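Chains as they are written, first to last, in numbering that gives the first Met the number 0: chain P, 0 to 300; chain C, 0 to 154.
Please keep in mind that the hints were generated in silico from the structure rather than gathered at the bench. Treat the hints with care, as some may be off.
[Said to hold, decoys possible] EDC-like, lysine to aspartate or glutamate: derived pairs with alpha carbons at most 20 Å apart:
id : chain 1 : residue 1 : chain 2 : residue 2
1  : C       : Lys145    : C       : Asp75
2  : P       : Lys56     : C       : Glu89
3  : P       : Lys127    : C       : Glu59
4  : P       : Lys127    : P       : Asp47
5  : P       : Lys267    : P       : Asp291
6  : C       : Lys145    : C       : Glu102
7  : P       : Lys56     : P       : Glu31
8  : P       : Lys56     : C       : Glu32
9  : C       : Lys145    : C       : Asp62
10 : P       : Lys288    : P       : Asp217
11 : P       : Lys9      : P       : Asp217
12 : P       : Lys56     : C       : Asp6
13 : P       : Lys56     : C       : Glu126
14 : P       : Lys234    : P       : Glu138
15 : P       : Lys56     : C       : Glu102
16 : C       : Lys145    : C       : Glu59
17 : P       : Lys292    : P       : Asp206
18 : P       : Lys267    : P       : Glu17
Treat the numbers as computed from the prediction; the structure is a model and nothing was measured.
Chain by chain, the residues:
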Amino acid sequence: MALPHDGDEKLAAYAHPEKLVTTAWLAEHLGEPGLKVVESDEDVLLWDTGHVPGSVKVDWHTELNDPVTRDYVDGEGFAALMSRKGIAREDTVVIYGDKNNWWAAYALWVFTLFGHPDVRLLDGGRAKWIAEGRETTTEAPEPQPTDYPVVERQDASIRAFKEDVLAHLGGRLIDVRSPQEYTGERTHMPDYPEEGTVRGGHIPGADSVPWARAAAEDGTFRTREELEAIYQREKGLAPADDVIAYCRIGERSSHTWFVLQHLLGFEKVRNYDGSWTEWGNTVRVPIVKGPDKGEAPAVRR
Amino acid sequence: MSAVDEDPFSPTAGLPPAMAEIVEDFQALPERERLQLLLEFSQGLPPLPPHLAEHPELLERVDECQSPVFVNVEVDDASRVHLHVSAPPEAPTTRGFAGVLREGLDGLPAEEVLQLPPDVCSRLGLEQAVSPLRMRGMTGMLARVKRQVRVATAS
């Protein structure tokens, strides 16, 4: 049984207000049957230092990624993970995390690949919950295993691969990395050899909108009005556009994917999870350096 | 010295004793428990001494870390290194690595710190649990520690 939606006024303005809950809503419904709370952080130890009572940790690196191939877990892997975390297919899942919900949005995107019917983000994430002095615990729950069904992952509608991006050149792309990563000046920093890409810059035609612009000071999402000002008025995107977002490994761009798809109601938004660690290391793909978007070259077949 | 210690591919190869001991402690545990040990190191990281806490400008920011992490290295009259790190409670993994570096390095001669292998943080056997991207910040922290030691000993 899905839990009721949060009727908060700010959320109501979004295209899909049912994808978010406020901290007040979560505090009110915590512990109700059918609600499962998931924390997903950049820092693998953060949940252990204290978390929302009853929440389980889902780690993007060790639990959502396939341990061998650069891909996500498959249907069986996801079903096993959900069972281990005590999550049933019909549960309402609320995900929260650190860093303005950056990793939480990534986890939500992966849950969406498996079509989990009701998955929401906690607006403001971990930082807001803690800033409001709400209850936390270091006690680890002991989830009852569930019989979560094996559901085949559906990549096509919200995930873009390198070939999709090549075919998309000339279309709308959003680069959500820092300005220094966008221009390409951030690839050859002295002393730090593990930067991960052999070329710096961005995909031709990509607009630069650093992901955190969508977050307010307190880590909540900016209002619908503010988001429209950034993505629609400033960048000229329209809800009917076919948009691909990318970053370095697809985590920060999940946050932007969430904003465009669920808060602004864009119809076709894909996250390119290969992102710069794939593009910037790929032989003979077009790259633009510097602050200009650049022209997309003719598609090479 | 046993034959194992001389193995150039051993996780403790080329490490000073305190650091070698920490690496052995991690390696002796199953992977899941290694994270718990890292958590303990994060809890054991001491606050900055007053002379640094009151003068944050003396600390250098580690840009590679996502969180605001600052390091300061002092080299005393006996040419021994003292490491101070400030990392927020929201970054327990970073705090844990800082705690490892501090316990493994503090009081070592400057020479020995400079000779530490750059991959010391990846000797803890946490690659499976902590992603390579997260490890990048740790390598950055050690690089900055060494640079500060070089600056302090050059003058």
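Tested hints:
1. C:Lys145 / C:Asp75: holds (15 Å)
2. P:Lys56 / C:Glu89: holds (15 Å)
3. P:Lys127 / C:Glu59: Between lysine 127 of chain P and glutamate 59 of chain C the Cα gap is close to 28 Å, so the pair fails against 20 Å, i.e. violated.
4. P:Lys127 / P:Asp47: holds (18 Å)
5. P:Lys267 / P:Asp291: violated (25 Å)
6. C:Lys145 / C:Glu102: holds (16 Å)
7. P:Lys56 / P:Glu31: holds (19 Å)
8. P:Lys56 / C:Glu32: The hint holds at about 16 Å.
9. C:Lys145 / C:Asp62: Between lysine 145 of chain C and aspartate 62 of chain C the Cα gap is close to 15 Å, so the pair holds against 20 Å.
10. P:Lys288 / P:Asp217: violated (33 Å)
11. P:Lys9 / P:Asp217: Holds: lysine 9 of chain P and aspartate 217 of chain P sit about 14 Å apart, inside 20 Å.
12. P:Lys56 / C:Asp6: The given pair, whose Cα atoms are some 38 Å apart, is violated under the 20 Å limit.
13. P:Lys56 / C:Glu126: holds (19 Å)
14. P:Lys234 / P:Glu138: violated (45 Å)
15. P:Lys56 / C:Glu102: violated (29 Å)
16. C:Lys145 / C:Glu59: holds (12 Å)
17. P:Lys292 / P:Asp206: Measuring from Cα to Cα gives roughly 6 Å; hence the hint holds.
18. P:Lys267 / P:Glu17: holds (19 Å)
This entry does not satisfy hints 3, 5, 10, 12, 14, 15, going by the numbered hints stated previously.
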